[in-house]
Amino acid sequence: MTTTTAPTPAPYKRLTAALGTGIPVYALLVVLLVALAVTDPSFYELDRFLAFVKRAAPLVILAAGQYLVIVSGEFDLSVGAIVTAGVVVAAELYGSFADAHWLVISLALVLGGAIVGLANGLITTALRVPSFITTLGMMLILEGAVFYWTGGSPKGVLPEDFRALGRNSAFGWLPWAVLVCLAVGAFAVWLMRRDFGRTLIATGDSERTAALSGVRVHRVRVLAFVLSGVAAALAAILVGGFSGVSAQAGRGLEFEAITAVVLGGVVLGGGRGSVIAAMAGAFSLQALFTLLNLQGVSGALESTVQGVIVIAAVGLGAANWSRIRRRSHSSGGTPS
Amino acid sequence: MPATPAPPESPQESPGEAAPLLTMRNVSKSFLGVRVLHDVGLDLVAGEVHALVGENGAGKSTLMKVLAGEHVPDSGTIELDGTAHAFTHPKQAQAAGIGIIHQEFALLEHRTVAENVFLGREPTRYGMVDRRAMERRTGQLLAELGETGISPRTYVRELSVARRQTVEIVKALASDVRVLVMDEPTAPLADHEARLLHDLVRRLADRGLGILYISHRLREVFELSGRITVLKDGRHITTVATAATDTDAIVRAMVGRDLSAYYPPRATADQGGEIALALRGGRNRRLKGIDLDLRAGEITGIAGLQGSGRTSLARALFGAAPFSEGEMTVGGRKLRPRSPREAIRAGIALVTEDRKGEGLALRQSVRDNALLVTRAVPGQQRATAARALADLLERVRLQARGGPDQQVQFLSGGNQQKVVIAKWLAAAPKVLLFDEPTRGVDVGAKAAIHTLVRDLAKEGLAVLIISSELPELIGMSDRILVMSDGHLAGELPAGASEEDIMRLATGPAVEGSDAA
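Going line by line, the protein sequences match chains L and U. In terms of the working numbering, the first sequence has 206 at position 206, counting the first letter as 1, and numbering is strictly consecutive. In terms of the working numbering, the second sequence has 356 at position 20, counting the first letter as 1, and numbering is strictly consecutive.
Hints are computed from structural coordinates only; laboratory data are not their basis. Glycine included, C-beta positions come from ideal geometry on N, C-alpha and C. Hints should not be assumed to be uniformly reliable.
One-sided and incomplete, this derived list gives chain U residues near chain L with beta-carbon spacing under 7 angstroms [as the list claims (entries may be wrong)]:
#1 Pro-676
#2 Ile-680
#3 Glu-694
#4 Gln-700
#5 Arg-703
#6 Val-709
Ranges between beta-carbon positions, derived for each pair [stated by the list, open to error]:
#7 Gly-693/U - Val-308/L: 29 to 37 angstroms
#8 Arg-128/L - Glu-445/U: 16 to 24 angstroms
#9 Ala-724/U - Arg-251/L: 47 to 55 angstroms
#10 Gln-248/L - Glu-445/U: 40 to 48 angstroms
#11 Val-308/L - Ala-724/U: 29 to 37 angstroms
#12 Gly-315/L - Glu-445/U: 31 to 39 angstroms
#13 Ala-585/U - His-218/L: 48 to 56 angstroms
Footprint (simulated), chain U over chain L, 3 or more residues, beta carbon under 8 angstroms [claimed, not checked]:
#14 186-199
#15 211-224
Please build the complete structure, drawing on both the sequences and the hints.
This is the structure we're talking about:
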């Protein structure tokens, strides 16, 4: 039997255990950052690098939100549409209340994101509509609503103070977006170490086990959707500040976020993966796009690259997984 | 010189008149090195109902799956009408005339009766499925069975369990079976439905089919069968004419093994602490009025055959499949839990029989699993501190190489079970329900779990154990309740014999008195 107490694991084992399923993405990120340095030696000048982090910030925030949903065993395809809707709604709100404080508008967007997430969560859990369908439908609903409302070309502008968060820097050198990104990241890490985070992963791993252990699985999942909606609203504030009003502001971001999470080694279907790795996946994706850009590869190929990555990441993850399982199964365990 | 070789040994005497329709000889089968059938033989005469009985795990289902071509035997022969067969696929057995009605039906709910009956061999006309011929033929087959109340055009999803079973039988008849295997056909049926099925079985036998009838219900076995074969631990024990034996003899043949394992001694002081959980008239779809008291410091064993309602009772007490009626008191407070969460708050814990599917989050660490309940249901005593967790894992004697960070899927069955127990102990329950506590657990871990359970009872927990392993139940329990057909068939004191238990468990299931 395998029930022996072995000596404490070797240091490298402890390290791999700590990094978990994220190891490939950390390696990939390092490789990409080195490649960027080689391609463009000025990349690591402080302001250039911070500008890179700033550009990555919305995707990192979306990836953190998407992670919560994916690790609980669901999908959220509506986040890109929430970003678009958020930007357009902000512009329209300023059209009506030109003197509104930026904080009020921002809070309104966050509340809106939370409500959309709540709807996603309730429909998925209480009505048992698969989240893939729920959030796909929500995406279409929001896109259609924005199009109807704006006639395809949103009017209005976002005032300077609202755009500051996405565009300007604190102390003259540290972009606000970077600070927001760090805050969201820290919050996500903290959350995943709390009871909520642990029960969320357990729910994604085995819903029946969680329910029979007293977890309110519906509530936990709904909360994940709400947080994903809030993350999308925060991303909308940054995107609106960074690139202004557009009916295409959030197009494709949902798939970029899912790609980032998958790249981070998070298992689709739930129960496995870390939020730090998911955010590292977002940085990697952004670094890859930057690298391709510097190499003169057409931006039009971005989605092609993304498609290849998503398939490769899931495929490799699955292959690895079954091998590990088979190996450990053959080494012990009694047939029941 | 040695004598001429002896004629092939027939496994048992068959009633003289006819040559056997089916003969199985010396069938052996192992799974993963565990031998589940040892040289089992069986024969069947046309027009006979031959009952096959034995405890859970005696090898009845495996033997029937060998006959149906679902398992390839390691050795042994199958002869049908004097022709030897070696089935490697269910289709071959089907073509040879063997039909099997499983406990779980293999019907497509969203197709009609006729479509199900002819699934995979639909009659065609000009290359198209000939629906009319299909429905006509199904109608004929149904009519031959008498008044079934089933139309060939009805969708299966609209049929009751009993009628679905009839469809399964028609499906078998449509492929000209000569041997029909029925695996516990009356288990899902209500009493009057079971009686209708008995009539049907007799008629099929009268038409010359050979019927192998697996059942736990000895009463119906004695009503229906001409001969009875008893299997135990994968061996053929006896085959007797039903008229020449009685229930006691069959029960003795089914059980009767040594109580060899070691079990921790019972508490010396007499039990009878306070009543931790009381239930009066507990009822739901599967349970018919249960009265139950669980006392602090006492281990109550629940025996019963599969489908007798043992697991339903545990799940109802735990709120996972709640009672629809009845009064329940936990720790002096009135509460009939409607969810596991309510039960957990009241101090009830359930170690389910499906460890991997319901007890553990397999890809999470030992720590995350052990703390799951306390995290999910806060407001209780918590063992989050590293120290408390270490104590807890020490307490259940967990042996995990990777310590608390180890993923539980890589632990042995015994250690996984210890993690499940740790998960519940972390929440400091007052009532602990165990459904098959040592299933799939190796001998060493089994003893550790038995000792732990006894210690927990000594500390004042009320413990309930459900087990299909009678020696375990007898060795552990301070008293044994026997379930049959959704109610408590009786109570036995500590140290009751396996025969006593089996007699109650197989007791009258089909009362023919009210509507004869």
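Discussion item. Run through the hints listed earlier and report the numbers of any the structure violates, in increasing order.
Written reply: The structure conflicts with hints 5, 11, although it agrees with all the remaining ones.
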